[in-house]
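Protein chains: 2
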Amino acid sequence: MTGKTRGRRPTMRDVAEEAGVSPALVSIVFRDAPGASEQTRERVRKAAKKIGYVLDERARLLRSHKSLDIGISFHTSQPFHHHLLDEIYSAINGLDYGLVLSPKSTVRDEKTALSSLVSYRCGAIILFGTRLSKEEINEIVGDIPVISVAQELDAPYDWVSSDDSFGIHRVIDHLVDLGHENIALANSPGDAGATTREHAFVSALKDRDMTPIVYSADGSEEGGARLAKELINSDNLPTAILGFNDRCAFGIIDYCIRAGLSIPRDLSVVGFDNSEVSQRFYVNLTTVAQDTKRLARFAAERAIQRLKSINLESQERGILVPTELIVRETTAVPRSGNRP
Amino acid sequence: MTGKTRGRRPTMRDVAEEAGVSPALVSIVFRDAPGASEQTRERVRKAAKKIGYVLDERARLLRSHKSLDIGISFHTSQPFHHHLLDEIYSAINGLDYGLVLSPKSTVRDEKTALSSLVSYRCGAIILFGTRLSKEEINEIVGDIPVISVAQELDAPYDWVSSDDSFGIHRVIDHLVDLGHENIALANSPGDAGATTREHAFVSALKDRDMTPIVYSADGSEEGGARLAKELINSDNLPTAILGFNDRCAFGIIDYCIRAGLSIPRDLSVVGFDNSEVSQRFYVNLTTVAQDTKRLARFAAERAIQRLKSINLESQERGILVPTELIVRETTAVPRSGNRP
Numbered sequence: 001m002t003g004k005t006r007g008r009r010p011t012m013r014d015v016a017e018e019a020g021v022s023p024a025l026v027s028i029v030f031r032d033a034p035g036a037s038e039q040t041r042e043r044v045r046k047a048a049k050k051i052g053y054v055l056d057e058r059a060r061l062l063r064s065h066k067s068l069d070i071g072i073s074f075h076t077s078q079p080f081h082h083h084l085l086d087e088i089y090s091a092i093n094g095l096d097y098g099l100v101l102s103p104k105s106t107v108r109d110e111k112t113a114l115s116s117l118v119s120y121r122c123g124a125i126i127l128f129g130t131r132l133s134k135e136e137i138n139e140i141v142g143d144i145p146v147i148s149v150a151q152e153l154d155a156p157y158d159w160v161s162s163d164d165s166f167g168i169h170r171v172i173d174h175l176v177d178l179g180h181e182n183i184a185l186a187n188s189p190g191d192a193g194a195t196t197r198e199h200a201f202v203s204a205l206k207d208r209d210m211t212p213i214v215y216s217a218d219g220s221e222e223g224g225a226r227l228a229k230e231l232i233n234s235d236n237l238p239t240a241i242l243g244f245n246d247r248c249a250f251g252i253i254d255y256c257i258r259a260g261l262s263i264p265r266d267l268s269v270v271g272f273d274n275s276e277v278s279q280r281f282y283v284n285l286t287t288v289a290q291d292t293k294r295l296a297r298f299a300a301e302r303a304i305q306r307l308k309s310i311n312l313e314s315q316e317r318g319i320l321v322p323t324e325l326i327v328r329e330t331t332a333v334p335r336s337g338n339r340p
Numbered sequence: 001m002t003g004k005t006r007g008r009r010p011t012m013r014d015v016a017e018e019a020g021v022s023p024a025l026v027s028i029v030f031r032d033a034p035g036a037s038e039q040t041r042e043r044v045r046k047a048a049k050k051i052g053y054v055l056d057e058r059a060r061l062l063r064s065h066k067s068l069d070i071g072i073s074f075h076t077s078q079p080f081h082h083h084l085l086d087e088i089y090s091a092i093n094g095l096d097y098g099l100v101l102s103p104k105s106t107v108r109d110e111k112t113a114l115s116s117l118v119s120y121r122c123g124a125i126i127l128f129g130t131r132l133s134k135e136e137i138n139e140i141v142g143d144i145p146v147i148s149v150a151q152e153l154d155a156p157y158d159w160v161s162s163d164d165s166f167g168i169h170r171v172i173d174h175l176v177d178l179g180h181e182n183i184a185l186a187n188s189p190g191d192a193g194a195t196t197r198e199h200a201f202v203s204a205l206k207d208r209d210m211t212p213i214v215y216s217a218d219g220s221e222e223g224g225a226r227l228a229k230e231l232i233n234s235d236n237l238p239t240a241i242l243g244f245n246d247r248c249a250f251g252i253i254d255y256c257i258r259a260g261l262s263i264p265r266d267l268s269v270v271g272f273d274n275s276e277v278s279q280r281f282y283v284n285l286t287t288v289a290q291d292t293k294r295l296a297r298f299a300a301e302r303a304i305q306r307l308k309s310i311n312l313e314s315q316e317r318g319i320l321v322p323t324e325l326i327v328r329e330t331t332a333v334p335r336s337g338n339r340p
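Protein chains in written order, with full-length UniProt numbering: chain F, 1 to 340; chain U, 1 to 340.
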């Protein structure tokens, strides 16, 4: 830092002085706009480096009166959200957009997380697995565009979600093929996807004149373990159970194994997400895979289109991304059942 | 939104007009500064709500020429970092500071994450488990204060770390008490804490005239499993092994169990972190607990002190937070060993 700028951060004006050009030209160089020779650009960049100038994103956004920031609300304890986050960073890599992250957790609710993104003037907001209604979102964000990932939302919001219903139907096909007649869903009411999954589960079983059994658990190992304990204690164990996600499924498996049961001999268990843990413990989990990369890419692209105010009237407001059943080691013929 | 402000965001000036007061008075109300009656404050807040005014954090920071934002660089796939994040949000809850998050991952390196925090003009930066040297950090942040969590840093930076050395010595005490003479460390070279842990491990064993065995793994289940495979294939399994963290320890356990070994009968395994997974799979893990809350609180408080330019010359630049050995089910008397 030169003597002149000591005690304060160097500005574009300082760079201009150092390089012997006008401040407007410095701005052109830093915006990568046309109007400067490569030689001049090089001189300006060198001058900036010499005096320690750093482009001030905030000042730039404020001057442009147009935000280039995309806000993201994610859950700190959901591995699925961390993968989505990584994929979104990959998707915008090299583009001139910033991401502002706002976590939700047991100590910070989703409305707080969302309000924070609004106060940082994000130009578009991506919500992972929102539990908020369209009205609740609207009250907080006003006219800022919102893209919901893993949860359908009413107009005017965009959304992208896995085709959970398709995945659930494949799970039931698989379990019925194995001979199961007593199949339960360990759902996580209120969570993104819970309603769709329950609906698909109930209709798939009713189509086969079977009785759907739906239990309340949640999307954590603890929730799965709690349910398994209740079912074992009340001697109500089905022959197959579908966890709300992989974490819930592993909670069920862990409790059962510690209670002396054998998986899948005594109970077939299916997860949802195909997260990293699905092949990491005990036995490799049969699960429904979500396409994280496609979910993230759609969300990032749509957010950028909304920032640019591109007319999307001819485009779909929401899309379903295909899911896939991955059969591994936690599903088998039921103990007392017969392959049809 | 009224007709007047249609098409642009309402400003403090619009609020002033709506409430029939001066813009300066609106500013007083929003800064919670003295100089307005409760009645006036109420009127201003109502007017703001009516026209949809939201306090613009960025504009406020820019005007004050002093950042109230604390930047945090964290790893997307480390549960330990997510807990630290939650605890830091708890620590600053209700205070007038914002957190700006910048993730590092396999697709986004730590220097990129750090540069992004600088370009957002954070007034102080907290680094979780940094792998950067003091010089590398300095080149990116200039004179912005930095607080390192889980990794000691040279002056002028502040740091807070777990007393890993104490924890490692308690692990060796425990294993030697059980009769182990063949003890290995599965380290994660380059990771925060790796050097300290290796140093403590080597000195604890040398103090007892035992041969320290140090292997390179990493802080993931895959790294632990890879090492376990090598050791089993080369018939080199020690009687006890200390994983770099809980994830690494579970990778070792998982591979061994799938290979037909019994834990802890054939191999005692110790983790590090006491993370949520430590009591979730197979057997409950013997591990070294870190005090996440104290680590996070120190980092948050120190960042705020640095933002306020409080004189800290009489304070320690870095502190060690106590660790604790938690003995659970993955350590036992070695198969061929005798309790001394």
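By construction, these hints were calculated from the structure, which means they are not laboratory data.
Please note: incorrect hints may appear among the correct ones.
Residues of chain F clear of chain U, computed beta-carbon distances all greater than 10 Å [said to hold, decoys possible]: (1) P34; (2) G35; (3) E38; (4) K50; (5) V118; (6) G251; (7) R280; (8) R297.
The calculated lysine-lysine pairs, modelled on DSS-like cross-linking and capped at a C-alpha distance of 25 Å, are [what the hints assert, rightly or not]: (9) K66(F) / K206(U); (10) K49(U) / K49(F); (11) K111(F) / K46(U); (12) K50(F) / K111(U); (13) K49(F) / K111(U); (14) K134(F) / K66(U).
Which stretches of chain U does chain F cover? Using the computed rule of at least three CB atoms under 8 Å from a CB of chain F, they are [as the list claims (entries may be wrong)]: (15) 94 to 107; (16) 277 to 286.
The structure presented is a predicted model; accordingly, all values stated were derived computationally and were not measured.
Using N, Cα and C, we set each Cβ at its ideal position, and we do this for glycine too.
Right, here's what the structure says about each hint:
1. The beta carbon of P34(F) sits about 23 Å from the closest Cβ of chain U, which is more than 10 Å, so the claim that it is off the interface holds.
2. Non-interface call for G35(F) relative to chain U: holds, since the shortest CB-CB distance, roughly 23 Å, exceeds 10 Å.
3. Under the 10 Å C-beta cut-off, the non-interface status given to E38(F) relative to chain U holds; the minimum distance is some 24 Å.
4. Interface exclusion of K50(F) from chain U stands, the closest Cβ pair being 13 Å apart, more than 10 Å.
5. Chain U draws V118(F) into its interface by the beta-carbon criterion, the shortest separation being 6 Å against a cut-off of 10 Å.
6. Non-interface status of G251(F) relative to chain U is broken: a Cβ of that chain comes within 10 Å, the nearest being about 8 Å off.
7. R280(F), annotated as away from the interface, has a beta carbon of chain U within 10 Å; the closest lies near 5 Å.
8. Here R297(F) stays apart from chain U, with its beta-carbon at least about 13 Å from theirs, past the 10 Å limit.
9. For the proposed pair K66(F) and K206(U), the alpha carbon gap of about 63 Å is over 25 Å, so the pair is violated.
10. About 45 Å separates the Cα atoms of K49(U) and K49(F), which puts this hinted pair outside 25 Å; it is violated.
11. At most 25 Å may separate the alpha-carbon atoms for a hinted pair to count; K111(F) and K46(U) meet this at roughly 21 Å.
12. Taking the CA atoms of K50(F) and K111(U), the gap is near 20 Å; set against the 25 Å cutoff, the hint holds.
13. A distance of roughly 17 Å separates the Cα atoms of K49(F) and K111(U); the hinted pair therefore holds under the 25 Å criterion.
14. Pair hint K134(F) plus K66(U) does not hold up; C-alpha atoms about 36 Å apart against a cutoff of 25 Å.
15. Counting residues of the segment 94 to 107 of chain U whose CB lies closer than 8 Å to any CB of chain F gives 8, which reaches the minimum of 3, so the coverage claim holds.
16. Only when three residues or more bring their CB closer than 8 Å to a CB of chain F does the claim for the segment 277 to 286 of chain U stand; here the count is 3, and the claim holds.
Taken one by one, the earlier hints fail for this structure at numbers 5, 6, 7, 9, 10 and 14, listed in ascending order.
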